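Chemist: Residue strings, one per chain:
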Amino acid sequence: NAGVTQTPKFRVLKTGQSMTLLCAQDMNHEYMYWYRQDPGMGLRLIHYSVGEGTTAKGEVPDGYNVSRLKKQNFLLGLESAAPSQTSVYFCASSYPAGGPMNTEAFFGQGTRLTVV
Amino acid sequence: AQSVSQHNHHVILSEAASLELGCNYSYGGTVNLFWYVQYPGQHLQLLLKYFSGDPLVKGIKGFEAEFIKSKFSFNLRKPSVQWSDTAEYFCAVILNRDDKIIFGKGTRLHILP
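Going down the list, the protein sequences come from chains A and B.
Counting in my numbering, the first sequence runs from 140 upward without gaps.
Counting in my numbering, the second sequence runs from 426 upward without gaps.
Hints are computed from structural coordinates only; laboratory data are not their basis.
Values in this document were obtained by computation on a predicted structure and should not be read as measured data.
Keep in mind that a hint or two might mislead.
As the list claims (entries may be wrong) - Listed below are the simulated SDA-like cross-link pairs for lysine to any residue, each with C-alpha atoms no more than 25 Å apart in a straight line:
# : chain 1 : residue 1 : chain 2 : residue 2
1 : B       : Lys525    : A       : Val199
2 : B       : Lys530    : B       : Phe476
3 : B       : Lys525    : B       : Asn433
4 : B       : Lys474    : A       : Gly190
5 : B       : Lys474    : A       : Ser223
6 : A       : Lys210    : B       : Lys530
7 : A       : Lys209    : A       : Pro222
Let's have the full structure, built from the sequences with the hints guiding it.
Modeler: Below is the structure:
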């Protein structure tokens with residue numbers, strides 16, 4: 140039981156390059172999230188998904204796209220990377236709040252992305 | 426609009442001191458409340474959670490938090506901190522109208538040996 144797995148763990152991109160971050164969870168969670176963490180800014184929600192085939196914008200969605208084609212996977216894409224997207228990215232998953240399996244969010248280990 | 430706020434951005438304490446980190450949320454309906462901890466270089470881990478029932482919640486490593494509905498607060502406490510408690514602490518809330526998790530900006534705790 141791996142929990143939440145993020146790949147890659149580290150990446151350096153040049154400005155304008157594209158990349159996709161993969162998040163996979165094996166807990167059958169409905170909800171999945173992508174956050175970015177920057178010093179002094181806490182965790183800011185980029186996009187999230189409440190189920191397979193659905194996505195929604197969070198607090199800071201600009202410059203990112205996401206897809207949830209399979210329930211267990213949530214992909215975060217950067218089409219044209221910018222230095223402002225240098226950050227640590229965390230994926231998380233959870234059951235819906237208030238449901239019979241109500242529980243907390245589980246986090247991946249993070250992806251450290253540097254855009255030069 | 427900020428739904429969860431943490432009052433202290435950086436706290437420095439000596440070992441054995443008592444700790445209280447503030448967390449307030451701005452929503453009048455049903456909430457689920459959490460405290461997460463992030464040790465240096467690691468991902469977030471759950472310290473404790475409140476869904477319903479006893480408003481005093483016990484977590485791991487001697488931490489506890491009290492949900493005070495009238496004050497919209499969920500403060501984290503520990504009677505005697507250790508050097509190993511040095512970490513960043515995040516309060517989080519699920520507002521059941523939205524169903525997504527919202528995090529505070531975090532409190533960086535530094536314990537002096």
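Chemist: Now, for every hint given, state plainly whether the structure supports it.
Modeler: Evaluation of the provided hints:
As the CA atoms of Lys525 (chain B) and Val199 (chain A) are separated by approximately 14 Å, the hinted pair is consistent with the 25 Å bound. The straight-line distance between the Cα atoms of Lys530 (chain B) and Phe476 (chain B) is roughly 21 Å, inside the 25 Å bound, and the hint therefore holds. For the proposed pair Lys525 (chain B) and Asn433 (chain B), the alpha carbon gap of about 24 Å is at most 25 Å, so the pair holds. For the given pair, Lys474 (chain B) sits about 23 Å from Gly190 (chain A) by alpha-carbon distance, which is consistent with the 25 Å threshold.
Between Lys474 (chain B) and Ser223 (chain A), the direct Cα distance comes to roughly 33 Å. Violation of the 25 Å bound is thereby established for this hinted pair. Pair hint Lys210 (chain A) plus Lys530 (chain B) does not hold up; C-alpha atoms about 29 Å apart against a cutoff of 25 Å. With a CA separation close to 30 Å, the supplied pair Lys209 (chain A) and Pro222 (chain A) exceeds the 25 Å bound.
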